[in-house]
Amino acid sequence: MSTETSDIALSLTAPRKARANRGAGRVTAAEPPALRDLPLFSVLDEALLARLTLEAKVETYSDGAVIFRQGDPVAAVVVVLRGFAKILRIAANGDETLIGVRSNGETVGEPPMHANESYHVSAEAVGSTTVVKFPAARFTRLMRESPALFVAMVQDGKDKIAALVTEIESLKAQNADQRLANFILSLCPPGVEQCRFRLPYDKRLIAQQLGVKQETLSRAFAKLRDHGVRTETREVLIESVSRLVGQCGQLGRSARLPSESRRRENAA
Numbered sequence: 001m002s003t004e005t006s007d008i009a010l011s012l013t014a015p016r017k018a019r020a021n022r023g024a025g026r027v028t029a030a031e032p033p034a035l036r037d038l039p040l041f042s043v044l045d046e047a048l049l050a051r052l053t054l055e056a057k058v059e060t061y062s063d064g065a066v067i068f069r070q071g072d073p074v075a076a077v078v079v080v081l082r083g084f085a086k087i088l089r090i091a092a093n094g095d096e097t098l099i100g101v102r103s104n105g106e107t108v109g110e111p112p113m114h115a116n117e118s119y120h121v122s123a124e125a126v127g128s129t130t131v132v133k134f135p136a137a138r139f140t141r142l143m144r145e146s147p148a149l150f151v152a153m154v155q156d157g158k159d160k161i162a163a164l165v166t167e168i169e170s171l172k173a174q175n176a177d178q179r180l181a182n183f184i185l186s187l188c189p190p191g192v193e194q195c196r197f198r199l200p201y202d203k204r205l206i207a208q209q210l211g212v213k214q215e216t217l218s219r220a221f222a223k224l225r226d227h228g229v230r231t232e233t234r235e236v237l238i239e240s241v242s243r244l245v246g247q248c249g250q251l252g253r254s255a256r257l258p259s260e261s262r263r264r265e266n267a268a
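Using full-length UniProt numbering, you'd call the opening residue of the sequence shown number 1 and step up by one each time.
Since the hints were derived computationally from the structure, they do not count as laboratory data.
Heads up, a few of these hints could be off.
Straight-line distance between alpha carbons at most 20 Å, and here's what the computed EDC-like set of lysine to aspartate or glutamate pairs gives [said to hold, decoys possible]:
#, residue 1, residue 2
1, K160, E110
2, K213, E96
3, K213, E193
4, K203, E232
5, K223, E235
6, K203, E124
7, K203, E96
8, K203, E167
9, K213, E169
10, K57, D37
11, K213, D95
12, K213, E167
13, K172, E193
14, K223, E239
15, K57, E110
16, K57, E124
17, K203, D63
18, K160, E145
19, K203, E235
20, K158, E169
21, K158, E110
22, K203, E215
23, K160, E124
24, K213, D202
Per label pair, the in silico range of CB-to-CB distance [said to hold, decoys possible]:
#, residue 1, residue 2, range
25, E46, R230, 44 to 52 Å
26, P200, D159, 17 to 25 Å
27, V154, S186, 18 to 26 Å
28, Q250, I168, 48 to 56 Å
29, S42, T166, 39 to 47 Å
30, T166, R89, 12 to 20 Å
What you are looking at is a predicted structure, and each value in this text was computed from that prediction instead of being measured.
Where is the CB? At the ideal position from N, CA and C, for every residue including glycine.
Please take these sequences and the hints and turn them into a complete structure.
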């Protein structure tokens, strides 16, 4: 496990066309996005962005490397530029609970409102992950000075709460097959009927994220074959997105027993 650190690059706030690969006609995939491209910073003016990035650092972590630990003093506000970070809650006995997985443009850890605050969770890299770290004290001070940054952080918090509500609803109202189908659908590019993609991380982490055992996840993947979802290791082919959407409500639901049918008929 390793970490590479550098001063924040000016290209992080440069216009998109300056970072484009002109030969290929698109932005180079290996290059982190500009801060201006991220929703959290899109409404900030150049002067505020310059102040915000004055002492920021870009760090690249290898798979499994610790970004920060639960209980450590909050030293930085962390934003994922490229890759994934898993958020963990560590119990007193050492057991880990996956709280979520953060990806491009999402914050990992909150700015402290008071001195001597500690991180309530731990964060670890999933695969090669690049983040930008803003010194916590500077970030909090600029939040107090800038209504735009304050509103952006409030919206970021609201988005996280909404995502948690959706996840809780999924855990309480959907079976494993439906959770997996919806997870797969969330990875499909918009507006396509057939697509092929690679799972963003391994199936063990997907199982944790969906709140199921690995064996249950394997059975759910097997059931999806009947609905046009083909998998090979981490490669996924969706034969018909609309078909999968239409089947989501019925996935994993067993047929009613004859006795159940008779009871329903009698009740009618």
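Q: Take the C-beta atom of E46 and the C-beta atom of R230, compute their distance, and say whether it sits inside 44 to 52 Å.
A: Because 47 Å falls inside the window, the suggested range holds.
(Q) Would the hint linking K158 and E169 be met if the CA-CA limit is 20 Å? (A) Holds - the C-alpha atoms of E169 and K158 are around 16 Å apart, at most 20 Å.
Q.
For K203 and E96, compute the direct alpha-carbon distance and say whether it is at most 20 Å.
A. 17 Å, holds
Q. When you check the alpha-carbon spacing of K160 and E145, does it fall within 20 Å?
A. 24 Å, violated
Q: Take a look at whether the Cβ-Cβ distance between V154 and S186 falls inside 18 to 26 Å.
A: 25 Å, holds
Q. Within a Cα-Cα threshold of 20 Å, do K57 and D37 meet the stated pairing?
A. Given that 20 Å is the threshold and the Cα spacing comes to 18 Å, the pair holds.
Q | Holds or violated: K203 to E235, with C-alpha atoms at most 20 Å apart | A | 11 Å, holds
Q.
Taking the Cβ atom of S42 and the Cβ atom of T166, is their distance within the range 39 to 47 Å?
A. Once the Cβ atoms are compared, 23 Å apart, the range 39 to 47 Å for T166 and S42 is violated.
Q: With a cut-off of 20 Å on the C-alpha distance, tell me whether K223 and E239 pass.
A: 14 Å, holds
(Q) Does D202 sit within 20 Å of K213, going by the straight-line distance between their CA atoms? (A) OK: K213 and D202 at ~14 Å, within 20 Å.
Q | CB-CB spacing for R89 and T166 relative to the 12 to 20 Å hint | A | 19 Å, holds
Q.
Hinted pair, alpha-carbon criterion (20 Å max): K172, E193. Please report holds or violated.
A. The hint is violated at about 29 Å.
The structure fails hints 3, 13, 18, 28 and 29 (numbered hints given earlier, in ascending order).
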